[in-house]
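Trainee: For reference, the chains in residue letters:
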Amino acid sequence: MELTPDETTLFTVWGIGINETVGYTWIVMILLTVASMVITRNLRPDVPPNRWRTTLEVIVTAIQSQIEEISPRSSRHVLYFSGTLFLFIALSNLLLVVPGFTPPTASLSTTAALALSVLIAVPLFGITRQGIGGYLKTYVQPSVVMLPFNIISEFSRGISLAIRLYGNVMSGAVIAGILLGIAPFFFPVVMDVLGLLTGLIQAYIFAILATVYISSATAVVGKSLHKEKDK
Amino acid sequence: MTDLALIAAVSILTAGLSVAFGAIGPALGEGRAAAAALTAIAQQPDSASTLSRTLFVSLAMIESTAIYCFVVSMIVLFANPFWDQALQAAQSAAG
Chain A
268 MELTPDETTL FTVWGIGINE TVGYTWIVMI LLTVASMVIT RNLRPDVPPN RWRTTLEVIV
328 TAIQSQIEEI SPRSSRHVLY FSGTLFLFIA LSNLLLVVPG FTPPTASLST TAALALSVLI
388 AVPLFGITRQ GIGGYLKTYV QPSVVMLPFN IISEFSRGIS LAIRLYGNVM SGAVIAGILL
448 GIAPFFFPVV MDVLGLLTGL IQAYIFAILA TVYISSATAV VGKSLHKEKD K
Chain B
40 MTDLALIAAV SILTAGLSVA FGAIGPALGE GRAAAAALTA IAQQPDSAST LSRTLFVSLA
100 MIESTAIYCF VVSMIVLFAN PFWDQALQAA QSAAG
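If you read the sequences in order, they're chains A and B. Following our numbering, the numbering of the first sequence begins with 268 at its first residue and continues without gaps. Following our numbering, the numbering of the second sequence begins with 40 at its first residue and continues without gaps.
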């Protein structure tokens, strides 16, 4: 049984083997980019919005309102970052229904890369909001004793992000594979439907957790409380 | 009992045990979380959307501990490093 699509080589270019993870990641990227470019090509006030543009607007507005609920007054860059994460993971999990397609999120490499990008983005957002000193001060927040624990929690949240997404997507594939051997006609379909649901929920959770981490890093601890008290 | 048979037996036993024990805690936790959310929705149906969103997120966070155990058992079963090592040792001893 295969636990990861990293092992399967899709095709070879100039002696470099392109495995399934990389190839299908490219397919997802191409789908997202080309679809967005084609839909927003005629983005002028005098052109009435067609149904595709409306669909895209509904998706983007929904992501925006979800982020707004978690962290009010967040910058637009959070929308770009978390929205991209959500769209990428959701599309690669939903493409599970296409025969022959292995979701790139079923490989630990992809999910580790996504979690790494979150780990790098959190300090970046924190530093741009409150400066290097202000961000580093959040590590010794209750007291200096908490410094090692804060650092450990930073790494453990990255590991848990990666393993959670990988385990969920991979377990769906493994269970469908096992059921294919036991009850081949009906139950794998049911498990795949369940896999679509878990895939969407996991994409949502990944994006939500990234937003929560970013908003906790960008929250100015002392000042915002005083401002709200003054009002 | 040869080394290979010993490693296989221990791996299978450990995989089963880790999934079994790893499922107990999250199952209890998810049951409690879902029950609390249902009570809250019954008391305040207006905030059902917020409650169910929070419920989904917390369920997935609770479930992730079970998923960790599952990943560990899958590694033990299908990607066991000691198995490959013992297999190579047995092959070099035989050949």
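Rather than coming from a laboratory, the hints here were simulated on the basis of the structure. Heads up, some of the hints might be wrong.
Unchecked claim - Pairwise CB distance ranges, derived in the manner of DEER restraints:
| id | chain 1 | residue 1 | chain 2 | residue 2 | range |
| --- | --- | --- | --- | --- | --- |
| 1 | B | 129 | A | 422 | 34 to 40 Å |
| 2 | A | 326 | B | 124 | 48 to 54 Å |
| 3 | A | 347 | B | 132 | 37 to 43 Å |
| 4 | A | 463 | B | 42 | 40 to 46 Å |
| 5 | B | 42 | A | 280 | 39 to 45 Å |
| 6 | A | 413 | B | 75 | 40 to 46 Å |
| 7 | A | 304 | B | 88 | 31 to 37 Å |
| 8 | A | 444 | B | 42 | 37 to 43 Å |
Just so it is clear, CB atoms sit at the ideal spot from N, CA and C, and this is done for glycine as well.
Trainee: Please go over all the hints and tell whether each is borne out by the structure.
Mentor: Hint check results:
1. B:129 <-> A:422: 34 to 40 Å: holds (38 Å)
2. A:326 <-> B:124: 48 to 54 Å: holds (49 Å)
3. A:347 <-> B:132: 37 to 43 Å: For residue 347 (chain A) and residue 132 (chain B) the Cβ distance comes to about 58 Å; the hint is violated.
4. A:463 <-> B:42: 40 to 46 Å: At 43 Å between Cβs, range holds.
5. B:42 <-> A:280: 39 to 45 Å: At 42 Å between Cβs, range holds.
6. A:413 <-> B:75: 40 to 46 Å: violated (29 Å)
7. A:304 <-> B:88: 31 to 37 Å: holds (33 Å)
8. A:444 <-> B:42: 37 to 43 Å: With a Cβ separation near 29 Å, residue 444 (chain A) and residue 42 (chain B) fall outside 37 to 43 Å, so the hint is violated.
Hint violations for this structure: numbers 3, 6, 8, all remaining hints satisfied.
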